[in-house]
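Engineer: Residue strings, one per chain:
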Amino acid sequence: MKHENRVELNDVVIRFSGDSGDGMQLTGTLFSDTSALLGNGISTFPDYPSEIRAPQGTVAGVSGFQVHFGNDKVITPGDYCDVLVAMNPAALKSNACWLKQGTATIIIDSNSFNEKSVVKAGFKSLDPIKELNLEGYNIVSPDIVTMTKEVLKDFDLDPKSIVRCKNMFALGMCFFMFDRPMEHALNYIENRLSKKNPLIASANKLVLKAGYNYASNTHELANTYTVLPAKNLPKGRYRSINGNQATAWGLIAASEKSGRPLFCGSYPITPATSIFEELAKRKDLGVKSLQAEDEIAGICTSIGASFAGNLAVTTTSGPGLSLKSEAIGLAVMTELPLVIINVQRGGPSTGLPTKTEQSDLNQALWGRNGECPLVVIAASSPSDCFHYAFWSGKIAMEHMTPVLLLSDGFIANGSEPWKIPSMSEYPKIIPPIILESPEGGFMPYARDAHKLARKWAIPGTKGVEHRVGGLEKDFLTGAVSHDPLNHQRMVDIRAEKVLRVKDFIPKQEVIGADSGDILVIGWGGTKGHLQSAVNELQSESHEVSLCHFNYINPLPNGVEEIFSKFKQLIVCELNSGQFANYLRMIYPQYTYLQYNKTQGLPFTITEIKDKVVSLLDN
Amino acid sequence: MNDKYKYTPDNFKSDQEIKWCPGCGDYAILNSVLKAMPEVALELKYKHERFTFISGIGCSSRFPYYLNTFGFHSIHGRAAAISTGVKVANPLLTVWVTTGDGDSLAIGGNHFIHAIRRNIDINILLFNNEIYGLTKGQYSPTSVLGKVTKTSPFGTVEHPFNPGEVVLGARGTFFARSIDMEVELTKKCLVSSAKHDGTSVVEILQNCVIFNDKTHYSFAKDKDTRQDNTIVLKHGEKMIFGKNKDKGLIQIGMKLMVVKIGEGGITIDDILRHNATEPNPGVHMMLVNMKYPNYPVALGVIRDVVDVTYDDGVRDQVESVRSHGSIHCVEDLLNSGSTWEI
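Protein chains in written order, with my numbering: chain A, 1441 to 2058; chain B, 4 to 345.
Note that these hints are calculated values from the structure, not bench results. Just so you know, not all the hints are guaranteed correct.
What the hints assert, rightly or not - Heads up, simulated DSS-like pairs for lysine-lysine below, C-alpha to C-alpha not over 30 angstroms straight-line:
| no. | chain 1 | residue 1 | chain 2 | residue 2 |
| --- | --- | --- | --- | --- |
| 1 | A | 1675 | A | 1556 |
| 2 | B | 22 | B | 224 |
| 3 | B | 198 | A | 1902 |
| 4 | B | 48 | A | 1902 |
| 5 | A | 1540 | A | 2037 |
| 6 | A | 1947 | A | 1675 |
| 7 | A | 1723 | B | 198 |
| 8 | A | 1593 | A | 1560 |
| 9 | A | 1902 | B | 50 |
| 10 | B | 248 | B | 294 |
| 11 | B | 237 | B | 217 |
| 12 | B | 263 | B | 22 |
| 13 | B | 38 | B | 226 |
| 14 | A | 1902 | B | 38 |
| 15 | A | 1902 | B | 16 |
| 16 | B | 153 | B | 198 |
| 17 | B | 263 | B | 246 |
| 18 | A | 1635 | A | 1589 |
| 19 | B | 241 | A | 1902 |
| 20 | B | 9 | A | 1902 |
| 21 | A | 1600 | A | 1635 |
| 22 | B | 237 | B | 226 |
| 23 | A | 1671 | A | 1859 |
| 24 | A | 1513 | A | 1540 |
| 25 | A | 1859 | A | 1697 |
| 26 | A | 1649 | A | 1697 |
| 27 | B | 246 | A | 1902 |
Predicted model, so just to flag it, every value in this text is computed and none were measured.
If we strip away everything but chain B, and leave its shape as in the complex, we get (with noise of 0.2 angstroms):
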């Protein structure tokens, strides 16, 4: 019966060769989206026809030639804008956009901090590798404090922005974040972010493999590194992590403190459970700024709380401003107010 709703991932494959540099993280992205789009489909009931994929520039910005869906390749840092225009002209589309670090957090910044404050349902895909690939190789937004690179010869002297911090600073309802070699996780963390009404971010570490190669490779080199240096939260879960499960999260006063469970007195009681859906950013806000080597970086669904939307809210006002009204047509408009004959 839900066959008409049943994809795989060629048909979101496009025939257009792909022109990222060989090793490029976003080969895994491409990866993941093609497998998360068929499970949005099913489990969401959305036709093929539905998908639409957005972005603006730079190499994340190419993804939407990739895909075989309704795509527009835009202008640098207006995705966002565009994409609230999309959803709002038909709410009954699933949106998507695939920006990065410098085409949201700089350019942009101003169009992604206001999709996140209205709440508008898109999904944002948020490739962060640090760096400016396609103009090759210039600082960006989030690169760390004294990175150099062609334009900072002399190492930067500007603070990065953390992006989950952002989203939630721009009272965001949906943060997630992953690794692009993580290819599981991040096609878990969209179809979440599918399912999530409002705007959801899905940050996704990314490297750069010609211009900042490396840059995440503290602790997510491999997958014994990942186990141990980073934790994946789920939902209703205990925050445990390590290639033994035997390290856990607990608060003391306003900070997360990471433990041993079975040292000093430690169980697995005291671990914190993780609760996405709590409106109270708090804790949520502790987790995305949790950074190596101090803590292990927090991947998944950090953030999924239930608000209202933006595109929800300007149809029901069409609907009941028009239910209400004496005026149907341009004609009963024209006639309208104080009118007099000749």
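For reference, chain A alone in the conformation it holds in the complex (with noise of 0.2 angstroms):
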């Protein structure tokens, strides 16, 4: 009978919301892995507050989490939401503005919309729906709550434990509404509880397909709907990861090219704690990871660590970076390799600790004292976090050099299908490390003629002793040398190293063609919107391409080919303008316009299409 109703959609996305401890992630995470084993293309974005716990109820205290999925690949969690999923009427209210207009539907769970929820998330009258002004959208409102206590009232288990199951509920309405088998979350609720609480995993199942059922049985969704496997995807082994893990196992695949062995010293810090994390783990894989006294620490244990021999790495997000700029001067100054992670978020200072944003570049390229140049790489989805920490990886070790890696919090929590790569599609990582002293004694700051790298000269190996240090070195002999033109000679050294970077990257692209109106110029992760907004004007027949840039120290080369085929450059960041000012100062030659956004929240493919096309019309 629901076949007859059932319609096929292109692409659809899904905001689960509730209190950040009702288990609105995973909901949204089981969701997500099921769309993606049936082929869909899929991109997800968990929206949760700093808070562990915020005062239950509250705005303040509402987590969400969005998939988007589709029958092509997905590159965005999506602007707005065809279902809402909202578990108190605090989720509801901070969460109506991305309801798709008119066009959405709202699962509500009616027992929490009492009096005192009500309330307690600040509205004014008792109404929500009204107050929202969502009349016109289909609103499902079951008793979720009641009906969960109804499924478990013969479990042995406590009221709040009760309770806790109705997220299973919503999501089982939510699988018999897109049409999803229930056997992944089945099986990962048995995988996951059972060992620590058989009672609970069975309510969990138990709720989940009442919620399906009842779904299925009543008649409060007029529809259902699929959305086909992706037909497009190339065909090969997939997973699904988010842009942090992505991260973690793109050094350990550097130091396994390299065979250097992979050590992280690292503080916790949201967003970037999960790499380190990640690490921690792989010890099954030699990784070595020290948890810090301080964010100072963390980067100094790496600079022992790489001055030893390692594939040394730290971890931070914004403030951390603040507090570890001394230290990558002394990584620049000693020209040892050393792989920085920044995952940025929304500042200055403590900021929005949770929330995206790309203002951490001025810092990345220029936050230290003295002429002190580094390589400077960002990301731009979450599965390409993996390409840029083994490229981090590579270039600090073959260059020499500290390597600053930016992600930022939006793809480093979001995740997607991801198509295994071989490792044999990686290239080898060969370190200059010297194994002997040559003949005439060893100079430690001699450098190959190609690259400007030093030796790597790994303490243990006989006849290599030798000092580095804070303090300026001597061209060749790295003794300390305070001479003013050793001193010129060695600041244009290191500049030139790093640029030399240049000549061992890919040149630059442009998405589209390669010469037109518009050309979107954006970096790291915000490559998803400006990639969608940038198609949909193309299918409407704009002359609009895209170039979007991953390494940012040095440029690639064919950029001023690219720039200058383009009436006019428009440059969209989550910042007031760093990478623009950047362009300005490289490329003079050329106008910059800016499409700025300092929200905390990534763009919405609806904003850029909106600035580009107002562009356009004048």
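Take each chain as given, in its own frame, and dock them per the hints.
Structural biologist: Here it is, written out as structure tokens:
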């Protein structure tokens, strides 16, 4: 019977929202993983508060998880949602602005919309639907808590644990609504929960099925929908991956390819912590992780490990990067390989710990004393964090320089299906390690002619005992030197060494036609949104292309060829114009328009399109 | 047979011109280090290339330049953190930190206590001259209360740290103390510290001839003064001191007391016997806190306790997880967990 009303859709966005203790992250993950297993294109975006448990029922405590799934590759979690699951009034209040205008379905737990909760969420009246002007939407409001209790009435569980299963009811309804099988979720619950507490596992499974059956038995949902598997995805083995996990794995891959053990000295900080957690798990691959006493010790232990011959990394976010600045200077001065990962969040200061922003670019490029250049790279999607973390390690070791890899809260926590690469697709990494003293004696600051990298003379190697440090060094011997001309020479060659990385990275590419009316320029984690906007504009016959940067310092070759062929250039970034100003400095011959946003949120495709269209109309 | 570990002080000397002030106590310390390293190499079977010296900032931190070993003259206060990374990355290295009272007890205090807490196997030489020398004479965290310096023209109004107390408070497993002029004693302390598994701290009371001259003179001026006003502790031996070896320490309640053997019915049997290996830090704490003139200043190895080390822990954990794990390479990792075919 249900099949008669099944509507086929190209893509759907669901936003699960509730109190931060309601398990919405798990609910969303189970839905997205199920859809990924069906072969859909997927992109997800968790949106959670920085407090672990903000006061229950308040808007500040709302946790959300958005899933975008489609019958083609999906590259953003979507601007607005087709379905909003709101487990309490506060969730509805804080997420109503993300509803797809007029057409969205709202699933609410009517039991949780009682007077107390409505007041707590800060509504002026007792009718949140009316107050938010949502009467025109398709609202489904089952008594989820009542039914959950009914299903579990024979379970010997305390009332709190019973009510906590209510998210599974909502998930079951969504599974029915979008024609998804429950097997993956049931297996997951079984594997994760049954060892700890088999009763809780059975309860969750039962409530999940009850939600599914409820949706199927009643006619509350007028239609059911399906999204067919993506046809154009390349064949192969896939897995789901988030940005921080991919970053950690990319570093491990660089360690394997170089034969250098991986060392990570870090201090926990949101939203970077899970990179460090993932590395700490990987003792099976020989990873040494050290939870330092502070951010400074995080990077300093890593610098020590680098001096001793490990691939050394440290992970952090904005405020932590500030604390690491002096030590980054030491790594630049001693010309040791080091990967510094900065998962950007809203700033300044403590700022918005769980929200995304791209406002640490200036700090990455310039935030140190003295002339202190290093390589800056930015990842642009959850899965390409693997690629850029690998390349950060490769460049750091082969060019003997610190590399600062920028990620952000959006791609760090977002996940997507990833076609698992074969390690044979990745290049070798050959660090310039010196194995014995050369004839005529070892010169610690002698350089190779192409990269200008000095040798990595690792303690324990006979005959290459030498001293490094933060004081200026003699051009060859590495002895302390205050000679004016030597300092000039060293400043110049450290800059030249970083600049020459240009010749070892891919040429800059343009997405779309190589000439036209408008070139959208972006960098880092905004790629999905910018590319979606540009694709849509192109399909509407506008002459718009995208030039998206991953290599920030040095910029790749080929940039001017691209920029010169467009009538207008617009730099879109989640800050007040840091990359635009950087481009103005390096390529002053062009005029750069800007589109900037600092709301702690990703771009929406709509706003980018509107901006570009307004420029085209002028 | 042991020839391959046989070195002379000259093997550890670098060709760099030494730039400390004439008369600086650091010259004597350098001497002790140059004498100690060949002994360490021979006794512990360390090849020359395993020696690594790491420093922060300050006069003491110039040390690595004057040694022909692997060296890292880093940034202010961070030597303990950097050397922690070095040791974890390669536990085969013998890692030495040269640092001062400003470097390790002020700006680097956090790294100092946490290195000690972890008990990572590094050897810290803490030069204590109770002043900031390199910046030309400001008070340090070990300057005595009321000390007049450029930044305390009317005297300091803050209490100093006693480094030994900090080390013991941070769960230190090894603490020794010497005086720059006591080259032989410093050397012995350094060799003992090298033999200790875990973080060892050797405090060396050092004279800054320019900005804090004679700061330790009341008890350390010359051999005679030192004999009467300091006590060199040796594990297993009675706590006796003085030119005539007639003074000793006894314990009364929670306090130590100086007594004269033969007076008031005190015999040698009443005198405490030094036990550096006692895990309970009670007596060690009293010893490090002895201040002249009420007490002799305690020198020698005061504490040397066996405990697990951080570097061993890291290595053992990696080895154990490795031997049980099912993931042996990145390819395994990428294909682990839930995957699907398209």
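Engineer: A separate judgement is required for each hint: does it hold in the structure or not?
Structural biologist: We went through each hint and held it up to the structure:
1. 1675(A) <-> 1556(A): The hint is violated at about 52 angstroms.
2. 22(B) <-> 224(B): Given pair residue 22(B), residue 224(B) holds - Cα atoms ~24 angstroms apart, limit 30 angstroms.
3. 198(B) <-> 1902(A): 23 angstroms, holds
4. 48(B) <-> 1902(A): Answer holds: residue 48(B) to residue 1902(A) is near 15 angstroms, not above 30 angstroms.
5. 1540(A) <-> 2037(A): Given that 30 angstroms is the threshold and the Cα spacing comes to 21 angstroms, the pair holds.
6. 1947(A) <-> 1675(A): Holds - the C-alpha atoms of residue 1675(A) and residue 1947(A) are around 27 angstroms apart, at most 30 angstroms.
7. 1723(A) <-> 198(B): Answer holds: residue 1723(A) to residue 198(B) is near 29 angstroms, not above 30 angstroms.
8. 1593(A) <-> 1560(A): Holds, at roughly 29 angstroms.
9. 1902(A) <-> 50(B): Within the cut-off at roughly 9 angstroms; holds.
10. 248(B) <-> 294(B): 19 angstroms, holds
11. 237(B) <-> 217(B): 27 angstroms, holds
12. 263(B) <-> 22(B): It is violated: about 45 angstroms lies between the C-alpha atoms, which goes past 30 angstroms.
13. 38(B) <-> 226(B): 21 angstroms, holds
14. 1902(A) <-> 38(B): With a Cα-Cα distance of about 21 angstroms, the restraint between residue 1902(A) and residue 38(B) holds, given a limit of 30 angstroms.
15. 1902(A) <-> 16(B): 16 angstroms, holds
16. 153(B) <-> 198(B): At roughly 41 angstroms apart (the allowed maximum being 30 angstroms), residue 198(B) and residue 153(B) break the hint.
17. 263(B) <-> 246(B): 12 angstroms, holds
18. 1635(A) <-> 1589(A): 23 angstroms, holds
19. 241(B) <-> 1902(A): 44 angstroms, violated
20. 9(B) <-> 1902(A): With a Cα-Cα distance of about 15 angstroms, the restraint between residue 9(B) and residue 1902(A) holds, given a limit of 30 angstroms.
21. 1600(A) <-> 1635(A): At roughly 20 angstroms apart (the allowed maximum being 30 angstroms), residue 1635(A) and residue 1600(A) satisfy the hint.
22. 237(B) <-> 226(B): Measuring from Cα to Cα gives roughly 18 angstroms; hence the hint holds.
23. 1671(A) <-> 1859(A): Cα-Cα ~14 angstroms, so holds.
24. 1513(A) <-> 1540(A): The given pair, whose Cα atoms are some 21 angstroms apart, holds under the 30 angstroms limit.
25. 1859(A) <-> 1697(A): 20 angstroms, holds
26. 1649(A) <-> 1697(A): 47 angstroms, violated
27. 246(B) <-> 1902(A): Since the Cα atoms of residue 246(B) and residue 1902(A) sit roughly 47 angstroms apart, the hinted pair is violated (cutoff 30 angstroms).
Consistency note: the structure conflicts with the earlier hints numbered 1, 12, 16, 19, 26 and 27.
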